[in-house]
Each structure stands twice: as structure tokens, then as C-alpha cells.
Amino acid sequence: MHELSLGNLNYEFSREQEPRLHINSGETIRVETEDALSGQIRKPGDCRDKSKVPYSNPVTGPIYVEQADPGDILAIRIEKIESRDGQCATYTGNPKQLCQWLGTDVPDGAHVCPIREGLVYWSDDIAIPYQPMLGCIGTTPAYGMPSTMPAGPHGGNMDIREVTEGNTLFLPVFVEGAYLYLGDAHAAMGQGELSATGLEMASHTTLTIELIKGETIAGPRIETPDELITVASGTPMERATAEAFAQLILWMESEHGWNRWRAYDLLTHVAEISLGYYEGGGLAVKVPKKYVAHPS
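Numbering (UniProt numbering), first residue to last: 1 to 296.
Please note that a few of the clues may not be correct.
As the list claims (entries may be wrong) - Distance condition first, Cα-Cα at most 30 Å in a straight line; then the derived DSS-like pairs of lysine-lysine:
(1) 213 x 289
(2) 213 x 80
(3) 96 x 50
Derived by calculation from the structure, the hints in this document are not laboratory data.
What you are looking at is a predicted structure, and each value in this text was computed from that prediction instead of being measured.
Please take these sequences and the hints and turn them into a complete structure.
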């Protein structure tokens, strides 16, 4: 297994960085990442100070995948997401669109939450199940330098809970070597990530990466043992919803023998939606494989 240490923090999916690691298809890597708060909340009394560290969601990388070319696909199996320090952190983010009803007098709310025996202790009285996920993972686009704030066809800051252990994330390749970055691990996150802050943790994430040559996809896909999932992002959210459903229908058609209009009909009855950060319009739509196994 390859090991990739933290190194300098990156806040862009950049083609200009020197690769930190070269791997071949089929290899497994263990990657250290910093939390989305850039490590500013480590102990009681710490706070998120954007005057010192203005950016969020640092990512580790890039990882260069040998023989990856534009138009290929990376299949990234997430083997394990571990808390690096046995804790996570959160704070009360800007209420933004909620200000109309809640006001703007927002307490900092920063605090550290221990992780023990499968639980995150948000307070002395409330424990939340440990459900680790990667908020931010992506390949590098062919042009532009997207930051680690938005999501897009390359992946990026999707904040989708299904990017988790045991699932496989598929990402399109846009540049030679793919230039993969990852970070923003969460110990848990609610649907919609209301304050734009999950239970943020520094992590060690273990991935196995397979290169799929000669095939392409329009944007991120996720396959779980039980579901097929497509991801889209952007506002208005209705547009992202339509795109994610369309890509799921086309996946069912191209790889699972479905007539697209029958798939369209089926999904209106059985599909589910998973929300990333609500204001960014990121979401995933999913269908159980038990239905997909019977094309119509």
C-alpha cells in the first residue's frame, strides 16, 4: 500500500501542482487529509478565524494515475475513512438564507467532539452515530482552476453522504494522469449540511483506484452494494435534480438494458434523493439495484 502524508494544503483542483504520488491502476493508497476547518479547532477555546486562514476544505494531492487520459474513468473504491486524531470539530456557520427568520447574531459555537466506540459526542447528552464520508474528492478539469468550495462534473465539494466506506465513486478524467485530490472528511453530516459545516475531521482514507480505459461519463457516479447513484450540482436545485435523474436514466439504459422511458417511469415511484450542502445545489439521486436487475 502507498502512503501519502498531508504535505502543503491545497484549496484548488490544480493542474499546476507537481504530483505528490504516482500510482498504477489497481493499487491501494492511504491518504492523510486535514479537516475542512484547516485545523483551526483542535481544543476548547479554539475558533474558526478566517482572517488567518480564509479558505476551507483543504485537499491532499494531486495523485497521478499512470496511463489515465482524458475521456477515461477512475473507479475509486473507498476502503476505510479513519479519524486521524480520535475527534472531530464543528462551529456555527453563517445562517445565510436563514437570516430572514433567525437573524444574524450568530454565536461562534466552535467545539471539539470526541469519537469513541462508533459514536460522536456532540455534547455530554447527545451522541451521533459515526458515519464517515468524504466531502471533497475530485479529478482536475481540463481548464480553469475550480476551488474546493463548489462541486461539478469533476466531483469536488459534493458533500454527498454516500461517498463513504464500501462504496465506489466513478469520476471522469479530464487531464493526463487524472490529478486526483481528496479531503474534507466528516465523522457525520445531516442531509443538506445546513450550516455548511459537518462534523469535520482530519483523516486517513484508504482508497483502491482502478482505471477504466476508453469509457466516459458526464459526471460523478456512485455504486453501493445495493444502489446506483448519480450526482449533480448547481442552482437552482431543480436543474441539478433534473440533471442527476437524467444521468441515472442514461446509466440504466447504457449499462443495464433499460428503455429510457420505462426507467423514467420507474424512478418516479422508487427513486430517492440525498442532499449535499443545500445552498450549493449539490445532490444525488439513487435507485435500488433490486429494481434495476429487471430491465423493462
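Hints that the structure is at odds with (numbers, increasing): none
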